[in-house]
Amino acid sequence: MNAREKEAYLREYSILKSQGKPFFPYSVAKDGLMAVVVMASIIGMSLLFGAELGPKADPTTTTYTPRPEWYFFFLFEVLRVIKPPSLTPLASIGVPTICMILLFLLPFYDRGPERRPERRPIAMAAGLFTIAAMAFLTYEGAIAGSPNQVDMEAPAAVAAAGGETLRQWESGKQVVAQSGCLACHKIGHNGGVLGPDLTEIGSAASRASLARVLVNPTQPMPEYSALSESKRDDLVEFLAQLKTGSH
Amino acid sequence: MANLRPPLPRALRPKPKGPSEDNGHAPTGAREAVAEKGISAVDWVDERTSLSGGARWLMFRKIPRGTNWFYTLGSATLFAFLAQAVTGVILAMYYDPSATRAYESVRYITNEVFLGEFVRGMHKWGSTVMVILVFLHMGRTFFYGAYKYPRELNWVIGVVLLLLTLFMSFTGYLLPFDQRSFWATTVGVAINGTGPLVGPYLNDFLRAGPEFGTTTLARFYALHMLVLPGAIAAMIGAHLYLVARLGTTAPPWIKTDIDPELRKEDA
Ligand code: HEM
Chain A
1 MNAREKEAYL REYSILKSQG KPFFPYSVAK DGLMAVVVMA SIIGMSLLFG
51 AELGPKADPT TTTYTPRPEW YFFFLFEVLR VIKPPSLTPL ASIGVPTICM
101 ILLFLLPFYD RGPERRPERR PIAMAAGLFT IAAMAFLTYE GAIAGSPNQV
151 DMEAPAAVAA AGGETLRQWE SGKQVVAQSG CLACHKIGHN GGVLGPDLTE
201 IGSAASRASL ARVLVNPTQP MPEYSALSES KRDDLVEFLA QLKTGSH
Chain B
1 MANLRPPLPR ALRPKPKGPS EDNGHAPTGA REAVAEKGIS AVDWVDERTS
51 LSGGARWLMF RKIPRGTNWF YTLGSATLFA FLAQAVTGVI LAMYYDPSAT
101 RAYESVRYIT NEVFLGEFVR GMHKWGSTVM VILVFLHMGR TFFYGAYKYP
151 RELNWVIGVV LLLLTLFMSF TGYLLPFDQR SFWATTVGVA INGTGPLVGP
201 YLNDFLRAGP EFGTTTLARF YALHMLVLPG AIAAMIGAHL YLVARLGTTA
251 PPWIKTDIDP ELRKEDA
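Here the protein sequences line up with chains A and B, keeping their order.
Those letters in the first sequence? Residues 1 to 247, by the numbering used here.
Those letters in the second sequence? Residues 1 to 267, by the numbering used here.
By construction, these hints were calculated from the structure, which means they are not laboratory data.
Not one of these hints is a red herring.
Below are the DSS-like pairs computed for lysine-lysine, each with C-alpha atoms no more than 25 Å apart in a straight line:
#1 A:21 to B:255
#2 B:255 to A:17
#3 B:255 to A:30
#4 B:255 to A:6
#5 A:231 to A:56
Listed next, with one range per pair, are the computed distances between beta-carbon atoms:
#6 B:136 to A:58: 34 to 40 Å
#7 A:29 to B:136: 18 to 24 Å
#8 B:257 to A:44: 39 to 45 Å
Ideal Cβ positions, reconstructed from N, Cα and C, are used throughout, including at glycine.
Using the sequences and the accompanying hints, generate a full structural model.
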């Protein structure tokens with residue numbers, strides 16, 4: 001807006017304002033009614049849904065999968081869709097930071113004098129696109145299913161061996177699902193991208209080093225030394241079978 | 001601006017003396033006596049603070065023609081914040097921010113305290129309501145072009161309020177210290193840590209040490225109880241001052257009906 005347009009706006013505005021009604025009591029009455037609606041919704045939701053309290057926090061047995069409040073789903077979903085771990089910093093901090101900077105600076109790059117929505121096609125398109133994208137990501141995040149689930153058939157070699165090998169494999173898969181590894185690791189199609197992809201970890205690491213990671217991991221991975229001996233063995237066995245080309 | 005100020009409401013205008021009223025006589029009825037006392041108390045405060053001018057400026061400023069219900073979203077957000085403050089204070093009377101006892105104290109609130117679960121529920125769902133209202137209010141100002149001259153600064157303050165609100169929700173989520181909140185926050189903090197440059201520092205700051213535990217909880221509690229609400233309150237103050245100072249926008253499609261001939265003149 002140049003100086004003339006500013007002047008014109010201020011003049012137009014002061015006329016509209018002088019034709020209006022005083023804040024008290026007209027706006028105050030509307031605001032008050034709205035406050036009643038807000039209060040009623042909060043009370044209604046509290047009565048309907050209550051406030052559940054899950055089991056006590058336990059840093060050792062992570063049978064729980066991180067679920068943020070639903071309005072953060074879109075952030076977690078951005079993390080899930082940007083897959084390569086090298087891009088994770090971009091997804092987690094980069095994209096939100098850029099969006100935030102764009103939001104902050106909005107009045108400084110959108111400076112045209114026009115305010116009517118139908119005459120601001122670019123701004124409207126960008127705004128509607130943002131809303132649609134956030135709604136879509138939130139929805140995706142909501143239906144992403146229980147994140148502690150590994151959809152993976154036993155590799156041919158394990159299935160063929162049967163017996164104890166197969167039992168250990170299935171049991172190890174169970175332990176992975178219960179321990180919340182998928183919050184940070186990807187195995188097959190499931191899981192997050194905070195930690196390295198474990199789909200082919202069996203080709204990259206020995207059983208001994210896998211066992212070592214579980215007891216003595218690098219932050220932010222929690223330690224799993226509290227797992228029972230047999231569970232840990234099953235888990236390591238399961239991971240060791242995740243070989244390149246085995247599935 | 002002086003000519004834009006509306007006249008005093010009739011009730012506050014000085015009454016001319018009626019012919020039957022004697023000078024210096026005390027008012028007769030009990031109601032008049034009470035009214036007189038009230039007025040003199042207000043006068044007493046006003047004489048020492050000059051508040052009435054500001055109050056009149058705030059309450060009797062004109063709101064432009066054509067404003068609609070979408071303009072109540074801002075004050076609805078403010079109301080949701082106040083409701084959070086009240087329920088939050090009640091919860092704080094029972095909550096204990098130590099890693100060993102936080103969970104027990106929340107369980108106590110939920111199961112034992114009279115109406116405890118109700119108040120916890122109000123605080124929990126109130127946070128959802130407030131977040132939704134902030135976004136709706138932001139959408140309103142965006143689609144109405146209310147962030148344009150001269151209200152740019154109010155938009156910037158608004159974005160700060162949005163961030164503070166989301167951060168409030170993030171810090172509050174840990175406090176019950178159940179499995180869900182613990183792991184969601186562990187991962188949330190770790191995600192911060194993957195960020196470029198400041199990531200690791202932010203991570204250390206939030207965790208308050210290399211491990212996630214008592215110190216983390218204490219830090220989140222202090223942020224959630226003191227720092228963030230204080231910052232939000234201060235920012236709302238600035239936000240509302242600017243709203244009153246600059247006036248709310250009229251909806252963009254409302255135009256003055258000035259004679260088109262006059263319009264031509266200044267074009
Ligand atoms: C805690 C959060 C917030 C509170 C309590 C709040 C409160 C208010 C209130 C009461 C008004 C005046 C009435 C109205 O227009 O609705 C207002 C106006 C405004 N707000 Fe907010 N607000 C908040 C967050 C935001 C956010 C996130 C933004 C945008 C990023 C924003 C931008 C604006 C703008 C530009 C105006 C001027 C609107 C106009 O003049 O038409 N506010 N705010």
